[in-house]
Structures are given as structure tokens and as C-alpha cells.
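S.K.: Be aware that the sequence shown starts at 1, since it is given in the numbering used here, and climbs by one per residue.
It is possible that some hints are incorrect.
Computed list of lysine-lysine pairs in DSS-like fashion (alpha-carbon distance at most 25 Å, straight line) [to be verified]:
| # | residue 1 | residue 2 |
| --- | --- | --- |
| 1 | LYS42 | LYS9 |
| 2 | LYS217 | LYS194 |
| 3 | LYS178 | LYS214 |
| 4 | LYS178 | LYS194 |
| 5 | LYS230 | LYS217 |
| 6 | LYS178 | LYS39 |
| 7 | LYS61 | LYS42 |
Here are the simulated distance ranges between beta carbons [what the hints assert, rightly or not]:
| # | residue 1 | residue 2 | range |
| --- | --- | --- | --- |
| 8 | ASN43 | HIS219 | 50 to 56 Å |
| 9 | LEU233 | GLN147 | 34 to 40 Å |
| 10 | GLU182 | ALA7 | 42 to 48 Å |
| 11 | SER150 | TYR108 | 35 to 41 Å |
| 12 | LYS92 | ALA7 | 39 to 45 Å |
| 13 | GLU88 | ASN60 | 21 to 27 Å |
| 14 | PRO64 | THR21 | 16 to 22 Å |
| 15 | ILE24 | LYS92 | 30 to 36 Å |
| 16 | ASP152 | GLU102 | 15 to 21 Å |
| 17 | LEU15 | GLY174 | 17 to 23 Å |
| 18 | ASN43 | THR151 | 18 to 24 Å |
| 19 | GLU16 | GLN147 | 27 to 33 Å |
| 20 | LEU15 | ILE111 | 18 to 24 Å |
Since the hints were made in silico from the structure, they are not lab data.
Note that the Cβ used here is the ideal one computed from N, Cα and C, for glycine as well.
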Amino acid sequence: MKQYDEALKHYKIVLEMEDRTFPIFVAVCCLQIGRLLEKVQKNFFLSREYFERALSLFENKVFPHDYVNLALSPAVIGNCYYFTGNDELAYKNYLKALNIYEQALILYPSIELRQMFVGCLFKIGTIYQEKLDNYTNAKECFQRIIQFYSTDECPFDSYGLAHKYIGQIIYDIGKNYKQALEHLYLAAKFYETKFKNDLELAECYRFISQIYLKQEKYHQALDYTLKELKLLLQPKELAASVKQATTNDLSFLKKKLVSCQEL
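Please model the entire structure based on the sequences and the hints provided.
M.R.: Spelled out as C-alpha cells, the structure:
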């Protein structure tokens, strides 16, 4: 906390000398203050004020344009709106950032910029899916990620999540079980080999099991339910609803297998 206070203090000193400092230094300090307030204090309202100040400077005072930070500013503003529940303004700012990133990538095709672009594209996809119930547009965003970008060009676990969400959308809306399984298998493989996250992997197994249930392939469904159960029973805190849902699936499958064996 002491280091955080010291950093904040020094950044604010630069802001006090704004009229004697190059605009790019002031803009970068605004970004850094905003990120500290967001990360440490979770003060999204105050951090957004600094991000908006930075954006204004990058748009109107910093020349030639610093495209990386010019795009980063609306992206982090979008995060502030996203985490405070204002999906409309979050979407608007993510879209603005996405358009700037597209221009920047023509001039500077770096891995860092591609990761930032994918991050915005992923956030827009989740807003379409989770907030607007626009599954067609959500699917297009996620497909764009997996079609044009490698796992190294995708920030956090957005590559695995994109496959998982496409699989879920196809399962829920299209009822194309074969295609849904293809994406869920790829998502599961990602979490098995590239990015350790047992809860996400367990959810992939759960959806795969549910599809096999729909197809009345009970042995395969049981295999994946047992895989899910093995992950979920590892020592960690889990929601009671998750444990209960898995237990219910397992009980159902056992009954089905007994019925099949009696035929």
C-alpha cells in the first residue's frame, strides 16, 4: 500500500506541473493514476475521470498520435463502465477502441496491439451474449478471434473462452450438437494444455456431457461427468449449486446406464 501511495503521489506531482510538461507525459500519468485507482481501490468512477482526461489529451494535444495509448484510453474507460453495469457506454467505448486498434495495426502490427484488439473484441462479444442476448453478433466476435488470432495473440484465456462460448451458443440456439462438440473439445484442450483453470475445464466437460445426454450416448456422457466431478472434488471452495448440479447429472446417468444394461 505504501508503494501505491508513493506512486500516486509522484504521478500527481506531474499533473500539478501540467502547463510546464509535455502533454504526452501528463496523459500517461493520467492513465497510470486511473489504473492504480481501478486496480487497488476499485474506484471505477474516479479512475474513469482520469482515463477520460488522458483520452482528451491523446486526441487533442499529443502529436503525432500515440495510437497504442489513444486506443487504450477508451478501452479502459469501457472497462470502468462495464464493471459498474453501464453496458451501453461500455460497448460504445470498446467499439471506439476497436476502430483505433484496427488503424494502429496497419502501422504497427505488434503482438501487444493484437492482444489489445482481441481483448476489446472479446469484451464486445460478451456484452452481446450476456447483456443484449444478441447471440448472432456474439458468435461473430468470438469466431473472429479464433479464426484470425493464435493463442499467443489472445490476452488472458480469451481464446479458450471464445471456443467455449461458441459451443454454448451453437448448443443453445442452433442445436447443432456435432459442431458444438468440436468447439467444446477445443476449449477443453486449451484448458488442459495451455491455460490452467480447473473450473473452466470442468464447465467444458459439463457441456460436453450434456450434449452426449441429448444424443442418448450415456457412456460418453458419464465419462465426461466423471471427469468434471474429479476436478470439482479437488480441495477448493465451490458453490453448492455447482456440486449439486454435478451430483444430479451423475445420478441420472447411473440410472440410465442401469436401464440400458437391463435391456
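S.K.: Hints numbered earlier in the text: which of these fail when held up against the supplied structure?
M.R.: 2, 6, 7, 11, 12, 15, 17, 18, 19, 20
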